[in-house]
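Residues per chain are reported as follows:
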Amino acid sequence: MNIRLLTPLRILMSASEVVRHWWAQRLTAVVLIPLSLWFVYSLTTMYSANYETVALWLNNTTNSLLMLFFILSLYYHAVLGLQVVIEDYIESDWQRKSLLLLIKIILSIAALSAVIAIFLIYMEF
Amino acid sequence: MKLVKRPLSPHLQVYKPQLTSVLSIIHRGTGVFLSLGALVLTYWLVSLAVSEDLFNSFHLHTTFWYGKLFLIGFVFSLYYHLANGIRHLFWDIGLGLEISTTYKSGYFTIFISVALTLTTLFIGRVL
Chain C
1 MNIRLLTPLR
11 ILMSASEVVR
21 HWWAQRLTAV
31 VLIPLSLWFV
41 YSLTTMYSAN
51 YETVALWLNN
61 TTNSLLMLFF
71 ILSLYYHAVL
81 GLQVVIEDYI
91 ESDWQRKSLL
101 LLIKIILSIA
111 ALSAVIAIFL
121 IYMEF
Chain E
1 MKLVKRPLSP
11 HLQVYKPQLT
21 SVLSIIHRGT
31 GVFLSLGALV
41 LTYWLVSLAV
51 SEDLFNSFHL
61 HTTFWYGKLF
71 LIGFVFSLYY
81 HLANGIRHLF
91 WDIGLGLEIS
101 TTYKSGYFTI
111 FISVALTLTT
121 LFIGRVL
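In order, the protein sequence lines correspond to chains C and E. Following our numbering from start to finish, the first sequence increments by one per residue and tops out at 125. Following our numbering from start to finish, the second sequence increments by one per residue and tops out at 127.
Chain C with its partners taken away, still in its complex shape (with noise of 0.2 Å):
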């Protein structure tokens, strides 16, 4: 007998893939609480700040690791958060995969910026 298989599941992430993602999302999201409203209220005191006040608020130790725990945890959750909408709403295999890279490599590149940025205004005052 001919059994014709149905279309193959394209399979996007194995199980344990799955699992990690599903954690790493709620996980970051959990951190991303306390140190999103730290980061709203200082947008309120920052806005209309010169640079001076800008730069010896960042340069403060707290303030400082506040805002890389904020930017790393940020980058980090976005990544996971587009790849769902990636796979989601991208039907063909090789768009889907190359603008997950696109995406993955664009979000480093800015968050290892930040990073630098956040270290050199911690080393500079």
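If you are wondering where the hints come from, they were derived from the structure by calculation, not from laboratory data. Only a predicted model underlies this, so the values are computations on that prediction, with no experimental measurement involved. It is possible that part of the hints are untrue.
Quick look at which bits of chain C chain E covers, simulated, 3 or more residues with Cβ under 8 Å [said to hold, decoys possible]:
no., region
1, 26 to 40
2, 47 to 59
Covered stretches of chain E, going by a simulated chain C footprint (3 or more residues, C-beta under 8 Å) [to be verified]:
no., region
3, 37 to 45
4, 69 to 82
5, 85 to 95
6, 102 to 112
Here a beta-carbon is modelled for each residue, glycine too, at the ideal position from N, C-alpha and C.
With the hints as your guide, set chain E onto chain C.
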């Protein structure tokens, strides 16, 4: 092997909009927008590290209408994604999944994110 063209998972085109689905779509939309905001935030940090001139020229953009519009959208997206994200975390531990509760928490999410956005923008003198 040729793949059958199937509709993609969130069937937006065949789905009647309801509060729950609309809020879910906004969650994704704000998430994507916040990723863009992260890049702008990074530029702000980089400008601060590079020079006072670069920082000032960036700061000037944030005071113009388009800069303010972006900031308003960013602050709202952050509060909305935060509030709705907490709603999601409750669902993950199995709380608030009844239809009536999802509607109540949905309306609360809209209310709290708009209220916090306006408060923040006024305190920060953006508006």
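Going through the hints against the structure:
no.: 1; hint: 26 to 40; in the structure: holds (count 9)
no.: 2; hint: 47 to 59; in the structure: holds (count 6)
no.: 3; hint: 37 to 45; in the structure: holds (count 5)
no.: 4; hint: 69 to 82; in the structure: holds (count 5)
no.: 5; hint: 85 to 95; in the structure: holds (count 5)
no.: 6; hint: 102 to 112; in the structure: violated (count 0)
Violation of the numbered hints given earlier is confined to hint 6; every other hint is satisfied by the structure.
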